[in-house]
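**Q** Chain by chain, the residues run as shown.
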Amino acid sequence: MSAPGKVGFSKAVYTRPRSLVDVKSHFCPGCHHGTIHKIVAECIDRYGLREKTIGVACVGCSVFLYDYIDVDVVESPHGRAPAVATGVKRAQPDKFVFTYQGDGDLAAIGTSEIIHAANRGENLSVIFVNNTTYGMTGGQMAPTTMLGQKTSTTPYGRDFRGDGYPIRMAELLAGLEGTAYSARVAVSTPAQIRKAKESVRKAFEMQIGGMGFSIVEFLSTCPTNWGMKPLDAQKRVLGEMSEYFPPGVFKERKQADFA
Amino acid sequence: MQVYRTASHERSRLSEAAQPKGERITATGRIEIDFERCKACELCVPACPKDCIGMGAAVNRQGYASAVFERPDDCTGCAICAETCPDACILVWR
Ligand SMILES: Cc1ncc(C[n+]2csc(CCOP(=O)(O)OP(=O)(O)O)c2C)c(N)n1
Ligand code: SF4
Ligand code: SF4
Ligand code: SF4
Ligand SMILES: [Mg+2]
Chain S
20 MSAPGKVGFS
30 KAVYTRPRSL
40 VDVKSHFCPG
50 CHHGTIHKIV
60 AECIDRYGLR
70 EKTIGVACVG
80 CSVFLYDYID
90 VDVVESPHGR
100 APAVATGVKR
110 AQPDKFVFTY
120 QGDGDLAAIG
130 TSEIIHAANR
140 GENLSVIFVN
150 NTTYGMTGGQ
160 MAPTTMLGQK
170 TSTTPYGRDF
180 RGDGYPIRMA
190 ELLAGLEGTA
200 YSARVAVSTP
210 AQIRKAKESV
220 RKAFEMQIGG
230 MGFSIVEFLS
240 TCPTNWGMKP
250 LDAQKRVLGE
260 MSEYFPPGVF
270 KERKQADFA
Chain A
120 MQVYRTASHE
130 RSRLSEAAQP
140 KGERITATGR
150 IEIDFERCKA
160 CELCVPACPK
170 DCIGMGAAVN
180 RQGYASAVFE
190 RPDDCTGCAI
200 CAETCPDACI
210 LVWR
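Line by line, the protein sequences are chains S and A.
The working numbering numbers the first residue of the first sequence as 20 and each following residue consecutively.
The working numbering numbers the first residue of the second sequence as 120 and each following residue consecutively.
These aren't lab readings, by the way, just hints derived from the structure by calculation.
The structure presented is a predicted model; accordingly, all values stated were derived computationally and were not measured.
For each residue, glycine too, the CB sits at the ideal point set by N, CA and C.
Wrong hints could be hidden among the right ones.
Quick partial rundown of chain A residues pointing at chain S, CB under 7 Å, derived from the structure [what the hints assert, rightly or not]:
1. Cys160
2. Ala166
3. Gly173
4. Ala176
5. Ala177
6. Arg180
7. Asp206
8. Val211
9. Trp212
Please construct the entire structure, taking both the sequences and the accompanying hints into account.
**A** Here's what the structure looks like:
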């Protein structure tokens, strides 16, 4: 294979993204939060944004965002990341601002904040991690929990009579005029990981181009609270979760509203 | 003459099978799995299109039996395993 004199394997084709701090994470084995952090870090590197990014962390398993992504991070109260990010971006419009939020955070306690940030067309990017549960606190029902899913607060499975239906945030937010980009992705196969990166790049480009609010919803796993092995958890994402929460792009604005 | 080369990465321990043995190189890539960082989630195992990765027996300081680069001869350096690993434990060379 290698020509005489040429020594193989000297070209690094995959290294840790520069913006991903070289430390061990606290995430459970196989948890997709790690994969999603990696994708965010890669996209920050891609656009050379590390020095001008301000992240806004939420409450949940991704609360330690500031330990893992090598940018300035503000910690926000539960669900309030879009409100905090609004303040940061308005005060420093030249900075790149993103929030990273779980489904309990974004779709339950912070419903009001996310809807109004999107509706106002705030020029910021949201990374939304939907793992159909409150991961950090031990697997309670979230608004995204699937019908029939057993959680610590729905021990007989989620029943729409009383618990309502799983909420499709990417579609809901796509319906708001202020939203420039809304997509749902997954990271359970190598092809999906590539697609997810494309979507995060698009979302980042929206903000860079001053197009308005962008959100990428990730179908993620929580092997620990689902009581599944990581590989089985991925199968659940590819199966019932993708059926109810179809991956896709629900809105993509072509022209800047705010010039 | 074919030459083996082990890229050095201070935190990595290559599996036994991945050590140079002096046979001809058939691989077009090489990976290193960070033994201490791996959480044995097994996601990289079915992700590799060449079935190069397996689960080992040696337990790291976190208490996990780390993945190992078992069949290095078939590696193409495609980096799919590295993209898949949630803990960014895999480095790839070509
Ligand atoms: C105001 C407030 N209410 C409740 C909590 C408790 N709490 C911490 S994390 C969490 C749920 C997080 O779930 P999610 O946003 O889905 O994140 P995940 O851990 O699943 O990634 C809750 C309810 C809190 N910290 N603050
Ligand atoms: S509890 Fe769930 S979401 Fe939290 S780190 Fe563990 S697997 Fe990930
Ligand atoms: S680089 Fe590609 S071929 Fe080599 S071990 Fe990783 S996935 Fe397999
Ligand atoms: S994907 Fe990463 S953490 Fe999981 S078994 Fe493979 S090397 Fe270890
Ligand atoms: Mg959650």
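**Q** With reference to the structure, classify each hint as holding or not holding.
**A** Verification of the hints:
no. : hint   : verdict
1   : Cys160 : 3 Å, holds
2   : Ala166 : 6 Å, holds
3   : Gly173 : 14 Å, violated
4   : Ala176 : 17 Å, violated
5   : Ala177 : 16 Å, violated
6   : Arg180 : 10 Å, violated
7   : Asp206 : 5 Å, holds
8   : Val211 : 4 Å, holds
9   : Trp212 : 4 Å, holds
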